[in-house]
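> Take a look at the letters that make up each chain.
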Amino acid sequence: MKLLTLNFLTCAIKTCKTNPASFPLHPRDAELEIQEADLNLTFLKNILPRLMWEELRVISSELGLPELPATPPAPADLVEPSNTPLDTAEVTLAEGGAEAQEVEETPSQTAKDLHRILLETCIQEGKLVCGSCGHEYAVKEGVANFLLPGHLV
Amino acid sequence: MLPTPSTSHVCFDRVYEPAEDSYLLLDTLSSPSETSFLQDRFKHANSSPPLVLEVGVGSGVVLAFVAANTQSIFGRQDTLTLGTDINSFACRAASQTVRDAIKERENGRSVFLDVVNGDLGSAIRPHSIDVFIFNPPYVPAELPDLSRHEYYNTIAEGKKATSFQQDSYLLQLSYAGGEDGMVVTNRMLEQVPEILSDERGVAYVLLCAQNKPEVVKARIRDWGSGWNAETVGSSGNKAGWEKLVIVRIWKSAD
Ligand SMILES: C[S@@+](CC[C@H](N)C(=O)[O-])C[C@H]1O[C@@H](n2cnc3c(N)ncnc32)[C@H](O)[C@@H]1O
Ligand SMILES: [Zn+2]
Chain C
36 MKLLTLNFLT
46 CAIKTCKTNP
56 ASFPLHPRDA
66 ELEIQEADLN
76 LTFLKNILPR
86 LMWEELRVIS
96 SELGLPELPA
106 TPPAPADLVE
116 PSNTPLDTAE
126 VTLAEGGAEA
136 QEVEETPSQT
146 AKDLHRILLE
156 TCIQEGKLVC
166 GSCGHEYAVK
176 EGVANFLLPG
186 HLV
Chain V
261 MLPTPSTSHV
271 CFDRVYEPAE
281 DSYLLLDTLS
291 SPSETSFLQD
301 RFKHANSSPP
311 LVLEVGVGSG
321 VVLAFVAANT
331 QSIFGRQDTL
341 TLGTDINSFA
351 CRAASQTVRD
361 AIKERENGRS
371 VFLDVVNGDL
381 GSAIRPHSID
391 VFIFNPPYVP
401 AELPDLSRHE
411 YYNTIAEGKK
421 ATSFQQDSYL
431 LQLSYAGGED
441 GMVVTNRMLE
451 QVPEILSDER
461 GVAYVLLCAQ
471 NKPEVVKARI
481 RDWGSGWNAE
491 TVGSSGNKAG
501 WEKLVIVRIW
511 KSAD
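Sequence order for the protein chains is C and V. Sequence positions in the first sequence follow our numbering and run 36 to 188. Sequence positions in the second sequence follow our numbering and run 261 to 514.
Hints listed in this document are in silico derivations from the structure and should not be mistaken for laboratory results. Computed from a prediction, not measured in an experiment: that's the story for all the values here. Check each hint, because a few of them may be wrong.
Derived contacts from chain V toward chain C, CB cut-off under 7 angstroms, selection only [as the list claims (entries may be wrong)]: (1) Gly335; (2) Asp338; (3) Val443.
Where chain C lies over chain V, by a calculated footprint (3+ residues, C-beta under 8 angstroms) [as the list claims (entries may be wrong)]: (4) 306 to 315; (5) 486 to 496.
Cβ atoms here follow ideal geometry from the backbone N, Cα and C, with glycine treated the same way.
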């Protein structure tokens, strides 16, 4: 299970939803695995405002990962500043100014690090614990189980 | 026609096999009227990526279709996809279906999150879903006894495979909808306003004729001002009766 998924999940127990402590769920005894995935720069830039950054920092420090900066990167931080405007103009001219050729942007190290945290770092085994009620959800073979024993539903 | 994702690795003894209902969802989501509705709703290229949630993914054929064709459907390549199913075997199968479908495409693919094992949308953070999809267990037939679920949801210790009773229980979960075939769907509809994003949320829910779609739609419109419910896809039209319909549920800005 990817860490970004935790950005969209909460405790399955109804009465917990109104308690802010039920988000994010806290990983415990987690075994991590890196599963490589293609980096999508447009996605990374656009997801930034949707990330609960403070919560993501908490999760990643609980997992013993390198500390995330105090504030989220800006979209511009995700692009390697290599394409000068002059080059771009030449390319467009050379191609006869056909369709507004999209400039191939190169992801910066910041983008690669963010991609690794959000989409490549996976919890394979372990538990996710609710900070409000203490309920533990098991993760097995990468699949989190949010089913509750009958009496909790 | 956009390609249908491959589900050849899925064991249909315990996971719902794609059928007319699944294909109606694919056709509806990629129809000109729906793609234009969705592209209009999500067109701002720099707006945050739409999060698509499918509950009850089964083989994963629908979520994989959306994930692999996000450019054609949403007009953008940064869509996020997430699934849930009560059946843990379906969760694993569907993850693979989505991953394979994405891998096959050169471009236009989305960012796949995970498929989690859960009851409907109960573990979803409130108001986080932009597009919700549900092909429910809709057949008017007795619901299976859920008290055995935990036991049937995994391969029993010391065993190598699922038992016959286990497989029939899991398949029953995939089609049996209780009274009017609406028991599971009604529970899901109750969660829809809570999980949908306030500004952009839209839901697609499949119903069959016995579910009384017109009654269901009228009830949704009674949720409050701004709520809409329209039939946007149908199949099996016989003498003015559609066997299956897709209802789009959304809130218009007031
Ligand atoms: C009709 S099948 C649809 C499968 C797939 N989406 C398709 O269109 O081919 C219904 C699915 O819902 C799942 N399901 C049934 N009850 C559920 C619940 N309470 N929570 C989550 N999933 C459920 C079943 O396991 C099954 O996979
Ligand atoms: Zn809780």
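> Take the hints in turn and mark each one as holding or not.
How the hints compare with the structure:
With a cut of 7 angstroms, the hint placing glycine 335(V) at the interface with chain C is violated, because the nearest CB-to-CB distance is about 13 angstroms. For aspartate 338(V), the interface hint holds, the least distance from its beta-carbon to any beta-carbon of chain C being 4 angstroms, beneath 7 angstroms. A cut of 7 angstroms between beta carbons decides the hint on valine 443(V): the least distance to chain C is about 14 angstroms, and the hint is violated. Look at the segment 306 to 315 of chain V against chain C: 5 of its residues bring a Cβ nearer than 8 angstroms to a Cβ of that chain, three or more, so the hint holds.
Closer than 8 angstroms: that is the beta-carbon criterion, and the segment 486 to 496 of chain V has 0 residues meeting it against chain C, so the requirement of 3 is violated.
Checked against the numbered hints above, the structure violates hints 1, 3, 5; every other hint is satisfied.
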